[in-house]
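In the order they appear, the protein sequences are chains A and B.
Residue 133 is where the first sequence starts when you use my numbering, and the numbers rise one by one after that.
Residue -2 is where the second sequence starts when you use my numbering, and the numbers rise one by one after that.
Derived from the structure by calculation, the hints contain no laboratory data.
Everything numeric in this text was worked out from a predicted model, so none of it was measured.
All residues carry an ideal CB built from backbone N, CA and C; glycine is no exception.
Keep in mind that the hints are not guaranteed to be accurate.
[Unchecked claim] Over 10 Å on every C-beta distance to chain B, these chain A residues come out as not near it, computed from the model:
1. G175
2. D187
3. I189
4. I201
5. L231
6. A271
7. P273
8. R326
9. L329
10. L330
11. A377
12. F402
[Claimed, not checked] Residues from chain A that keep clear of chain B, each with C-beta distances beyond 10 Å, as calculated:
13. K174
14. P204
15. V207
16. T230
17. A381
18. K401
19. G403
[Said to hold, decoys possible] Derived Cβ-Cβ restraints for the label pairs, each shown as a range:
20. B:L64 / A:W400: 52 to 58 Å
21. A:L330 / B:G108: 41 to 47 Å
22. A:L386 / B:G57: 41 to 47 Å
23. B:L64 / A:L386: 28 to 34 Å
24. B:Q143 / A:L197: 37 to 43 Å
25. A:P323 / B:V88: 33 to 39 Å
26. A:A308 / B:L202: 54 to 60 Å
27. B:F68 / A:G352: 25 to 31 Å
28. A:L330 / B:L277: 31 to 37 Å
29. B:G34 / A:K315: 17 to 23 Å
30. A:D263 / B:G34: 44 to 50 Å
31. B:Q143 / A:L357: 38 to 44 Å
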Amino acid sequence: MSARLPHQSRSAQLVLILVALAFIGFFLVLPLVAVFAEALAKGLATYGAALVEPDAISAIKLTLLVAAISVPLNVVFGLCAAWAVAKFDFRGRSLLVTLIDLPFSISPVVAGLVYVLLFGAQGWAGPWLIDHGVRIIFAVPGIVLATILVTFPFVARELIPLMQEQGRVDEEAALALGASGFKTFLRVTLPNIRWGLLYGVLLCNARAMGEFGAVSVVSGHLRGLTNTMPLHVEILYNEYNFAAAFAVASLLALLALVTLVLKTSLEWKFGYSHGSAK
Amino acid sequence: MEIALSSQLQMQAAVERPRKRRRSRKSIIPGFGLTMGFTLAWLSLIVLIPLSALFLRAAGLGWSEFLAVGFSERAMAAYRISFGTALAAAVINGVFGLLTAWVFVRYEFPGKRVLNAMVDLPFALPTAVAGIALTALYSPNGWVGQFLDPLGIKVAYTPIGITIALIFIGLPFIVRSVEPVLADVSVDVEDAALSLGARPWQVFLRVILPAIMPALLTGFALALARGIGEYGSVIFIAGNMPFKSEIAPLLIVTQLEQYDYAAATAIATVMLLASFAMLLVINVIQAWTRRKVDP
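Isolated chain A, as found in the complex:
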């Protein structure tokens, strides 16, 4: 259904299309191609070696662990927040939604810093934590906390508009017919929001696995201990070990591509567009 201005010439159209293609090609496609080209520049053997090296393996494991903790917590929070906001009327609802969105507008570095100020050696709870042998900063708990903060709004802001659009009638009918609250959620609400939930989880997971700034501030960059994949990429790159850096980066780029493919197929197959039930 190409709707075009009748007076607009084919050539003007072609020029606009070419400019847009050049812009996307130059700024989006080329960097992606560069990642894989640089990763394979020294051959497949170097590529494989960079991925099975012990520090790389431990970085991959840590990244998976951090995502495995922060994404489910984000889902639980997102479901609770969306239920509270969408199914009930209360004062200050807009304020609550704005506060949930807040982490999107904060610099990742600031997100990491606030935890250093709370739990670091110079922080408020720092000395007490050190006395009790609890390490949060420069350790895995700090990385998880920082990741939870930067991914905070992902699932909630996907579900809130979706559940508001769907209203309360379905749930009220189930409850009136005698279903318990939890059963109503499980059998009525959850099937209605499943694509939106999946969409939120996909994007949340991509960010959780790829987060760099916030994690970088709290991690301490201890090789094999507190290095996530993006941090491992940075260390290798700064050591001028470009082939290895791009090899690990190519795994993250693959993750991004898989995320895009799944997200796009949700949109094409199920007509899901985020923030609406359609």
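Please build the complex by placing chain B on the supplied structure of chain A, with the hints as guidance.
Quick look at chain B alone, frame taken from chain A:
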């Protein structure tokens, strides 16, 4: 991040809508106490208390020290670079992002759906990966840099490099904000304007641009806000020379590594206040949009 933009308008609208019905009926749905309690507790623990910690720490510095370390010459230079490059990138994205959205909405061409999906790449690709890829492309011996270097154009390790990284990061904000609104602009109105003798550029300036202006501004503000705080994609290509190519988020990290908590706290507070200001601007644009759409 993806969700950050196009659903923001919808969400705000959806949040506002039920207000009229308030108190008109009592919900029989259970779980308000439980879900609301958990939401508020989690929000406080993860977001509100840590952010207050930053403000309290900054307040503990006292005014004179806060101003001295938060607005030192080096910090001022870093703000100028962060805000300047973010603004330049948002303007460039405003033009090309609008053009891209226009092409996607109005024209058909092979590979359109795949390219459209690619627009979200910056949301999915980890920033550090984008950073090293762009640096490899634009360094003097890189794929693109080798052609620019003989011309005397240095991209990597200069503010131009920072701007390129921020163009990458910000592009989807503009395209995804503008696309749905552009698709809603009725072609009939354009045809009417044309049949009344308007030139195509007049139709664009007088009919289309006013209709998509709020969406364009929202996307612009979102891209700007993201660019100001961006770290991962920038630090590799920036060169990180104090006063020349050092962005504010990097200065926070540098001060932290030197155990200068006062400077890190003060600069972070300035950045956080800037984020709040941007959030306010975005909300004002959206309130204005709602009034325009639904007077």
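Each hint tested on the structure:
1. G175: holds, 17 Å
2. D187: holds, 16 Å
3. I189: holds, 18 Å
4. I201: With a cut-off of 10 Å, I201 of chain A remains clear of chain B, as the shortest Cβ separation is near 13 Å.
5. L231: violated, 6 Å
6. A271: holds, 16 Å
7. P273: At roughly 13 Å from the nearest Cβ of chain B, P273 of chain A sits farther out than 10 Å, so the non-interface label holds.
8. R326: For R326 of chain A, whose nearest Cβ neighbour in chain B is about 16 Å away, the distance exceeds 10 Å, so it holds.
9. L329: holds, 12 Å
10. L330: holds, 13 Å
11. A377: About 6 Å separates A377 of chain A from the closest Cβ of chain B, which leaves it inside 10 Å; violated.
12. F402: Its Cβ never comes within 10 Å of chain B, the nearest being 15 Å, so this holds.
13. K174: holds, 14 Å
14. P204: Correct as stated: the minimum Cβ-Cβ distance to chain B is 13 Å, above 10 Å.
15. V207: Label holds. Min Cβ-Cβ 12 Å, cutoff 10 Å.
16. T230: Incorrect as stated: the minimum Cβ-Cβ distance to chain B is 7 Å, not above 10 Å.
17. A381: Incorrect as stated: the minimum Cβ-Cβ distance to chain B is 4 Å, not above 10 Å.
18. K401: Holds, because the least Cβ-Cβ distance between K401 of chain A and chain B comes to about 13 Å, which exceeds 10 Å.
19. G403: Given a closest Cβ separation of 14 Å, the condition holds.
20. B:L64 / A:W400: 52 to 58 Å: Roughly 54 Å apart at Cβ, these two residues keep to the hinted range, so it holds.
21. A:L330 / B:G108: 41 to 47 Å: violated, 26 Å
22. A:L386 / B:G57: 41 to 47 Å: Taking Cβ atoms as reference, L386 of chain A and G57 of chain B lie about 46 Å apart, which means the hint holds.
23. B:L64 / A:L386: 28 to 34 Å: Taking Cβ atoms as reference, L64 of chain B and L386 of chain A lie about 47 Å apart, which means the hint is violated.
24. B:Q143 / A:L197: 37 to 43 Å: For L197 of chain A against Q143 of chain B, whose Cβ atoms are near 41 Å apart, the range 37 to 43 Å holds.
25. A:P323 / B:V88: 33 to 39 Å: violated, 45 Å
26. A:A308 / B:L202: 54 to 60 Å: holds, 55 Å
27. B:F68 / A:G352: 25 to 31 Å: holds, 29 Å
28. A:L330 / B:L277: 31 to 37 Å: With a Cβ separation near 33 Å, L330 of chain A and L277 of chain B satisfy 31 to 37 Å, so the hint holds.
29. B:G34 / A:K315: 17 to 23 Å: Since G34 of chain B and K315 of chain A have Cβ atoms about 21 Å apart, the given range 17 to 23 Å holds.
30. A:D263 / B:G34: 44 to 50 Å: violated, 32 Å
31. B:Q143 / A:L357: 38 to 44 Å: Holds: the Cβ-Cβ distance is about 39 Å, inside 38 to 44 Å.
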